[in-house]
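Participant: Letter by letter, the chains look like this.
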Amino acid sequence: MKKFIMLLIVFFVPAIVHAADPLLEPPHWSLEVKGGTFAPALADWALYYGKRSMPELEGSLAYKLIRQVDIGISVGYAKDKGHALAPGHSSAAGNVTYEIVPVNLFILVRGVVNEDQWVVPYAGGGFTRLYYKEKIESQDTVNGSVDGYHVRGGLQFLLNGLDEKAANRMFQDYGIHHTYLFGEVEYTHAVVRSVSVNLGGTAYMFGFLFEF
Amino acid sequence: MVIIKRSGLLVVALFSMLLLLMPAPVMAKTIIVLQDPTQCPPDSVTNPCYSNLTDAIANDTTLAGDSIEIRPGIYIGNFILNKSVSIYGNETAATILSGNGSGTVLTVNGVTTAMSIRRLTFVSAATGILLNNSTSVNIANNVFQASVTGAAVQLTSSPVANVINNTFYRNATGISSNTFAINITNNIFDLTSTGVAISPSNMDLTSIQNNLFFGGTIGPAVITDSTNVDWKGNIADLDPLLVNPNSATFTDNDFHLKAGSPCINAGSTSPGLNTIGDTTKTDIGAYGATSDTIPFRVSGVTSATSASAISLRWIPNNSYLVSGYRVYYGIASGDRAGTGATEGNSGFNVTTASATVSGLTTTVTTPATPTLNPTQPLNESLQLSWSSVPSAKRYNVYYGTTSPPGTLAATVDTTSYTLTGLTNGQPYYVSVSAVDQAIYYFTITAFDSAGSITGPSVAPGVAHESDYSQEVSVSFGNAIEGSLSNILKDFPEALTPYPALPGGHQSCFIATAAYGHYSDPEVQALREFRNQYLLTNSLGRAFVEWYYRSSPAAAAALNAHPAFKPVIRAALLPAVGGAFLLTRTSLLFKIILLMVFGCAVLFLYTRKRFSRFGGAC
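Chains as they are written, first to last, in my numbering: chain A, 1 to 212; chain B, 1 to 617.
The hints are simulated quantities; they were obtained by calculation from the structure and are not laboratory data. Some hints here could point you the wrong way.
Chain A residues, not near chain B, derived (Cβ > 10 Å throughout) [as the list claims (entries may be wrong)]:
| id | residue |
| --- | --- |
| 1 | L31 |
| 2 | S60 |
| 3 | I71 |
| 4 | A93 |
| 5 | Y122 |
| 6 | G144 |
| 7 | G183 |
| 8 | H189 |
| 9 | R193 |
Where chain B lies over chain A, by a calculated footprint (3+ residues, C-beta under 8 Å) [as the list claims (entries may be wrong)]:
| id | stretch |
| --- | --- |
| 10 | 40-48 |
| 11 | 83-92 |
| 12 | 130-142 |
All C-beta atoms, glycine included, are put in the ideal place defined by N, C-alpha and C.
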């Protein structure tokens with residue numbers, strides 16, 4: 001327990017190296033670009049698609065209500081190719097391309113107490129509308145959407161201290177106050193009720209966060 | 001004496017040092033531009049090689065005095081040349097610079113020492129070439145076509161320019177200049193949309209000579225004055241007789257001259273003599289004087305076979321310079337080394353646009369039997385693949401509802417095929433067989449008088465012989481079909497993706513919720529009933545649309561209360577049973593069933609009637 005408390009203290013202590021100091025006014029917006037893998041909650045996914053997860057890309061834009069609370073929207077995209085089932089043959093047959101576009105409205109709480117804090121934990125969640133499309137060989141394409149929710153959490157690592165000159169240039173040229181490298185876990189729950197299928201799953205992603 | 005010797009040695013030593021210190025003379029080099037970098041010459045120091053004209057011009061190692069040779073291809077861009085570097089193509093018709101519909105294709109900016117732009121075709125731009133504050137630029141043996149909105153050649157403060165032996169076709173204006181002394185010689189101006197060949201009309205007329213103006217295009221007034229039409233060799237209102245300037249695609253346009261063209265031998269010899277044809281005089285147009293010597297490639301090759309020979313025909317190349325054609329053949333695609341024809345080995349000559357090839361071997365053996373791999377079911381189709389048979393030239397694919405399958409579905413030269421247009425659930429028998437037959441591959445070239453069989457033919461597409469035409473393959477002689485492969489039986493069916501999701505008129509929501517899965521047989525039967533009996537008529541389609549609007553909510557409620565699922569399954573039983581009967585049984589079975597049902601009803605009705613009146617039974 002003591003170790004954990006010490007670790008927390010270390011996290012919230014300002015970085016030893018002073019970061020760029022263009023922070024006369026705190027940033028109001030943040031932009032995230034991230035990518036990783038998405039493991040669907042569907043139990044037999046690997047049987048039809050060959051592997052347990054698929055690549056996912058996501059971007060988000062958020063407004064800071066206060067320094068610790070963001071609200072925003074994110075849009076992701078994941079795609080995989082696999083096989084369909086020939087039910088009469090009880091075997092895999094034909095090709096299927098499966099695509100999803102989760103659109104999330106979220107609120108995010110960030111544990112930031114100091115502008116130079118080099119590790120920031122965060123957690124959040126919100127509403128999800130998940131658009132799906134299945135292109136089935138020699139058949140009609142199936143598409144639709146379903147509503148659900150998502151939760152996510154992770155750690156952001158402030159990069160400004162690594163290269164102060166670059167951080168200053170980022171501020172001067174683009175108005176970017178902070179740049180973070182982050183890793184997060186996101187769980188999405190979106191059930192198509194008519195067939196009792198959860199199109200959600202767990203995503204493990206890394207990316208960059210820019211505050212401006 | 002010693003002093004003199006010493007001073008002599010000193011001079012020699014000093015001179016030697018001076019020589020060593022002087023910069024080595026830089027040799028002008030030729031830079032190659034081509035679209036396939038694998039074709040670059042091996043020595044890229046002597047001949048730097050690029051796949052992009054912009055890079056070739058901009059590179060720091062490209063210096064004044066160098067030349068850029070552009071190999072055949074279409075190069076799109078708005079190129080800017082600000083060095084005294086000559087640019088030329090090695091085949092005018094096939095070396096195309098395109099502005100992609102706008103701008104200036106090639107701008108020469110501030111070049112003050114002599115350079116030339118030769119043997120290129122300019123297309124699809126506002127302006128073909130713009131000379132800007134440049135001097136001593138030679139524009140020769142080019143074709144300008146479809147430079148729609150502006151002048152094909154625009155000169156701005158660029159004196160001492162020579163525009164010689166070019167063909168201007170369907171441009172807005174031919175040449176426009178604010179410099180009045182330009183040498184405009186041996187050009188064809190045809191069908192300019194503004195009707196203006198040279199602008200302004202008060203240019204120095206003494207250097208406008210031996211040009212041809214046609215198609216509503218007029219030159220300076222004195223030239224087209226009917227009383228003075230032969231002024232300095234200029235020709236007005238005579239069709240230049242271009243071979244084929246109006247193809248659907250500009251790459252097929254051929255601006256060579258036909259026999260009888262007034263441009264033949266009508267040019268000024270000052271730019272140089274003809275390279276081929278009458279080499280004592282000069283032609284007007286892009287292919288006069290020092291033009292390339294590659295005939296336009298042959299097109300439209302067709303074939304026909306008889307029992308003993310193959311007949312080939314093609315669209316004749318009507319250039320007056322073409323004196324014959326060369327027929328190449330082989331036993332594989334790209335093979336030009338065939339032998340055995342009565343007419344000669346591959347590369348024999350003919351003088352007309354047709355040839356008969358006889359005496360070719362047609363002997364083939366019965367091909368082996370391919371093995372059909374397990375079929376893959378798809379919606380209303382079956383995917384087939386089979387093992388390759390080395391000697392097979394093609395495969396026959398058979399299918400049918402009885403064995404052995406007798407209907408020829410297709411003949412293919414691959415080892416896979418998708419049988420389409422089948423009925424889901426209907427079993428089909430499928431099989432393939434290999435077919436062997438002699439196949440020959442032909443391609444044709446045209447050659448000029450210097451490239452005849454006794455002439456210096458280098459290789460097709462290089463000099464005096466056109467590039468190869470499109471290849472045609474001809475099956476010849478008896479085809480021998482091998483035995484049928486193993487016969488497989490399979491049926492097509494609609495596939496169920498994972499996850500099985502609603503959308504796009506695919507799902508029976510309530511039934512899927514009740515039976516648990518989209519691919520359950522009961523759900524499938526209802527889906528097939530929908531496809532066969534409901535979606536085929538307007539009343540049925542209306543019902544389906546209503547169902548899709550209203551059923552998801554019911555399905556959701558059913559999923560929320562799974563205890564009701566057995567009840568719904570029981571309620572759906574008659575519908576499912578009916579769907580099975582209607583979709584999975586033959587017409588005969590349906591008729592028999594209807595008759596049995598009718599008899600049963602009749603029996604029951606009769607019995608009831610008798611019992612009412614106190615009869616037996």
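Participant: Each hint should be assessed against the structure and marked as holding or not.
Facilitator: Each hint, compared with the structure:
no., hint, in the structure
1, L31, "holds (32 Å)"
2, S60, "holds (26 Å)"
3, I71, "holds (30 Å)"
4, A93, "violated (5 Å)"
5, Y122, "holds (31 Å)"
6, G144, "violated (4 Å)"
7, G183, "holds (28 Å)"
8, H189, "holds (14 Å)"
9, R193, "violated (4 Å)"
10, 40-48, "holds (count 5)"
11, 83-92, "holds (count 6)"
12, 130-142, "holds (count 9)"
Hints 4, 6, 9 from the list above are not met by this structure, while the remaining hints are.
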